[in-house]
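*Asks:* Listed below, chain by chain, are the residues.
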Amino acid sequence: DTGVSQNPRHKITKRGQNVTFRCDPISEHNRLYWYRQTLGQGPEFLTYFQNEAQLEKSRLLSDRFSAERPKGSFSTLEIQRTEQGDSAMYLCASSLSGEQYFGPGTRLTVT
Amino acid sequence: QKEVEQDPGPLSVPEGAIVSLNCTYSDRGSQSFFWYRQYSGKSPELIMSIYSNGDKEDGRFTAQLNKASQYVSLLIRDSQPSDSATYLCAMSARGAQKLVFGQGTRLTINP
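Chains as they are written, first to last, in this note's numbering: chain Z, 1 to 111; chain V, 1001 to 1111.
Incorrect hints may have been included.
[As the list claims (entries may be wrong)] Only pairs whose alpha carbons sit at most 27 Å apart, straight line, appear in this in silico DSSO-like list of lysine-lysine:
#, chain 1, residue 1, chain 2, residue 2
1, Z, K11, Z, K57
2, V, K1098, Z, K11
3, V, K1002, Z, K71
4, V, K1056, Z, K57
5, V, K1098, Z, K57
6, Z, K57, V, K1002
7, V, K1098, V, K1002
8, V, K1042, Z, K14
9, Z, K14, Z, K71
10, V, K1042, Z, K11
[As the list claims (entries may be wrong)] Which bits of chain V does chain Z cover? Going by a derived footprint, with three or more residues having C-beta under 8 Å, they are:
#, stretch
11, 1018-1029
12, 1101-1107
[Said to hold, decoys possible] Computed far set for chain V versus chain Z, every beta-carbon distance over 10 Å:
#, residue
13, S1049
14, G1054
15, E1057
16, R1060
17, S1069
18, Q1070
19, Y1071
20, P1081
None of these hints come from the bench; they were simulated from the model. Quick caveat: nothing in here was measured; it's all calculated off a predicted structure. In this text, a Cβ means the ideal position worked out from N, Cα and C, and glycines have one as well.
Next comes chain Z alone, as it looks inside the complex (with noise of 0.2 Å):
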């Protein structure tokens, strides 16, 4: 049984690029979230999908953040025309019940 997987590692990227993360979560999990994390904070909600699903977003999520879940197996998070703000870790968590498994992150850098 394979973890959670996040591609790329890392990411840096130039000011008003597009960027795009993907997560393949733990084979059986059904439920996959999206999270952010900046340097001495905990991890902050962004999206939740059970199956194929977007069940919940946070208002975190602004208009340039998009998610999907084609078929309920790996997702993608898309970040439109990236601002410095946007630096920080995406994580990635599947679960099956209430314990969520995070992915290792992938480390956005917007320059």
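Please arrange chain V on chain Z, whose structure you already have, making use of the hints.
*Replies:* Below, chain V alone, put in the same frame as chain Z:
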């Protein structure tokens, strides 16, 4: 008032000490509680979950929950240098899926 509050530390103790990490929360509807360990530059790793009042022990770790006092703690016995990390308290409300995290407590165990 933050939803989940943790003493940010840093907390530094000698090897072998008993460490108590504390977390208070404001939402009385919180139902499920979790402790994550996060090494520097890594993603959070689930170490304990607790759902009902009382103590739950797993090896050197004991989680304690008191819903009346809105308080959850993690006790680490016989602390080891490998326990040096940031410890994150997280919880979810009844019927909710997202986790709400504290800012974490940074712990250093000195050999």
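*Asks:* Confirm or reject each hint.
*Replies:* Against the structure, the hints:
no.	hint	in the structure
1	Z/K11 / Z/K57	holds (23 Å)
2	V/K1098 / Z/K11	holds (26 Å)
3	V/K1002 / Z/K71	violated (36 Å)
4	V/K1056 / Z/K57	violated (32 Å)
5	V/K1098 / Z/K57	holds (10 Å)
6	Z/K57 / V/K1002	holds (20 Å)
7	V/K1098 / V/K1002	holds (16 Å)
8	V/K1042 / Z/K14	holds (24 Å)
9	Z/K14 / Z/K71	violated (31 Å)
10	V/K1042 / Z/K11	holds (16 Å)
11	1018-1029	violated (count 0)
12	1101-1107	holds (count 4)
13	S1049	violated (5 Å)
14	G1054	holds (17 Å)
15	E1057	holds (17 Å)
16	R1060	holds (20 Å)
17	S1069	holds (21 Å)
18	Q1070	holds (17 Å)
19	Y1071	holds (17 Å)
20	P1081	holds (22 Å)
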